[in-house]
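Protein chains in written order, with my numbering: chain A, 8 to 150; chain B, 8 to 150.
Be a bit skeptical, because a hint or two may be false.
[Said to hold, decoys possible] Straight-line Cα separation of at most 27 Å, DSSO-like style, residue types lysine-lysine; simulated pairs:
no., chain 1, residue 1, chain 2, residue 2
1, B, 26, B, 145
2, B, 32, A, 26
3, B, 145, B, 27
4, B, 27, B, 117
5, B, 117, B, 32
6, B, 26, A, 32
7, A, 26, A, 117
8, B, 27, A, 32
9, B, 54, B, 26
10, B, 32, A, 27
11, A, 54, A, 32
12, A, 145, A, 27
13, A, 32, B, 32
14, A, 26, A, 54
15, B, 145, B, 54
In case anyone wonders, no lab produced these hints; they're calculated from the structure. Predicted, not measured: the structure shown is a model, and the values here were computed from it.
2 protein chains.
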Amino acid sequence: MSRHQEKAHLVTQFSDGIKKALDGKVFPTLVTIQPDGSPQTTPVCVKREGGDVLISTTVDRRKTHNMQRDPRVSVMVQPLDNPYVYAELRGTATVSTEGGQELADELSRKYTGMSYAEFYPESVNEGQRVVVRVTVNKVVGTL
Amino acid sequence: MSRHQEKAHLVTQFSDGIKKALDGKVFPTLVTIQPDGSPQTTPVCVKREGGDVLISTTVDRRKTHNMQRDPRVSVMVQPLDNPYVYAELRGTATVSTEGGQELADELSRKYTGMSYAEFYPESVNEGQRVVVRVTVNKVVGTL
Chain A
8 MSRHQEKAHL VTQFSDGIKK ALDGKVFPTL VTIQPDGSPQ TTPVCVKREG GDVLISTTVD
68 RRKTHNMQRD PRVSVMVQPL DNPYVYAELR GTATVSTEGG QELADELSRK YTGMSYAEFY
128 PESVNEGQRV VVRVTVNKVV GTL
Chain B
8 MSRHQEKAHL VTQFSDGIKK ALDGKVFPTL VTIQPDGSPQ TTPVCVKREG GDVLISTTVD
68 RRKTHNMQRD PRVSVMVQPL DNPYVYAELR GTATVSTEGG QELADELSRK YTGMSYAEFY
128 PESVNEGQRV VVRVTVNKVV GTL
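Just chain A, with the same shape it has in the complex (with noise of 0.2 Å):
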């Protein structure tokens, strides 16, 4: 197996910090990049799958069209509780149909205890709900 391969199966590691804040209620901010290669930013609801971070939106979202522009992210983790540490969490976003609506559910419980339709009852005209499973490449802070 050359480096290179053994490289692209290197899971990222979080901190117990790291863990903790995104296993709990954070609201990281997710960036995404504009066509005109500008910043675009949206607080977000997550959960952890290993070194993954997966965020539920919709396929309509300006956010969505970026990602699938340009699939460079990053992801500011900030717990309410302590401000002053964080974790920059960058990495690249794919976006898949699959699983969006048990996705938006298991999120809405997480942080609600309702899920989403009971805790957002307008949603049902949203468009169709996607995963964005952001894969961690690098991550920066004092978390």
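Go by the hints and put chain B onto chain A.
Relative to the frame of chain A, chain B by itself:
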């Protein structure tokens, strides 16, 4: 006066919610653009001055170099006590050494009640402090 000149003199009006957040202890995320076009994020302390947001950092930080090369930035504001609302402030950053130490002290007093040297004694080893002035030209969000 041409329409173009008129527009250049418009000052962004912040909502009361944004003013309250920026004038309080909030830790927004500043997003800059890396040389390769990908995003870079750091949490910052801020003060508001009209439609501008002022941030303190040093000459030798990555974000400073990034803003000197590409001044397009985004500032994500999320109140710690209500993370379900947010404002994304998009704008253009200018970097100046003038008043750099004074702003560091002013922000330190706002957030910690201490001068910057009292709060962070190791700061004597830091590079020269600069003022980052973000002139906001677009506001997105619910705050």
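- Does residue 32 of chain B lie within 27 Å of residue 117 of chain B when you go C-alpha to C-alpha? Answer holds: residue 117 of chain B to residue 32 of chain B is near 8 Å, not above 27 Å.
- Message: Can you confirm whether the C-alpha distance between residue 27 of chain B and residue 32 of chain A stays at or below 27 Å?
- Response: Holds, at roughly 24 Å.
- Item | Distance restraint between residue 27 of chain B and residue 117 of chain B, which requires alpha-carbon spacing of 27 Å or less | holds (14 Å)
- Message: Next pair to validate is residue 26 of chain B with residue 32 of chain A; report whether the Cα-Cα distance is within 27 Å.
- Response: holds (26 Å)
- Message: Holds or violated: residue 54 of chain B and residue 26 of chain B, Cα atoms, limit 27 Å.
- Response: holds (10 Å)
- Message: Would the hint linking residue 26 of chain B and residue 145 of chain B be met if the CA-CA limit is 27 Å?
- Response: holds (15 Å)
- For the pair supplied as a hint, residue 32 of chain A and residue 32 of chain B, confirm whether the alpha-carbon distance does not exceed 27 Å. Roughly 20 Å between the alpha carbons, so the hint for residue 32 of chain A and residue 32 of chain B holds.
- Has the given pair, residue 32 of chain B with residue 26 of chain A, been kept, meaning a C-alpha gap of at most 27 Å? holds (26 Å)
- Message: For residue 145 of chain B and residue 54 of chain B, compute the direct alpha-carbon distance and say whether it is at most 27 Å.
- Response: Answer holds: residue 145 of chain B to residue 54 of chain B is near 18 Å, not above 27 Å.
- Query: Between residue 145 of chain B and residue 27 of chain B, is the straight-line Cα distance small enough, at 27 Å or below?
  - Reply: Measuring from Cα to Cα gives roughly 18 Å; hence the hint holds.
- Does residue 54 of chain A lie within 27 Å of residue 26 of chain A when you go C-alpha to C-alpha? Judged against 27 Å, a Cα distance of about 10 Å means the pair holds.
- Query: Is it true that the CA of residue 54 of chain A sits at most 27 Å from the CA of residue 32 of chain A?
  - Reply: holds (9 Å)
In summary, the structure agrees with every hint in the numbered list given earlier.
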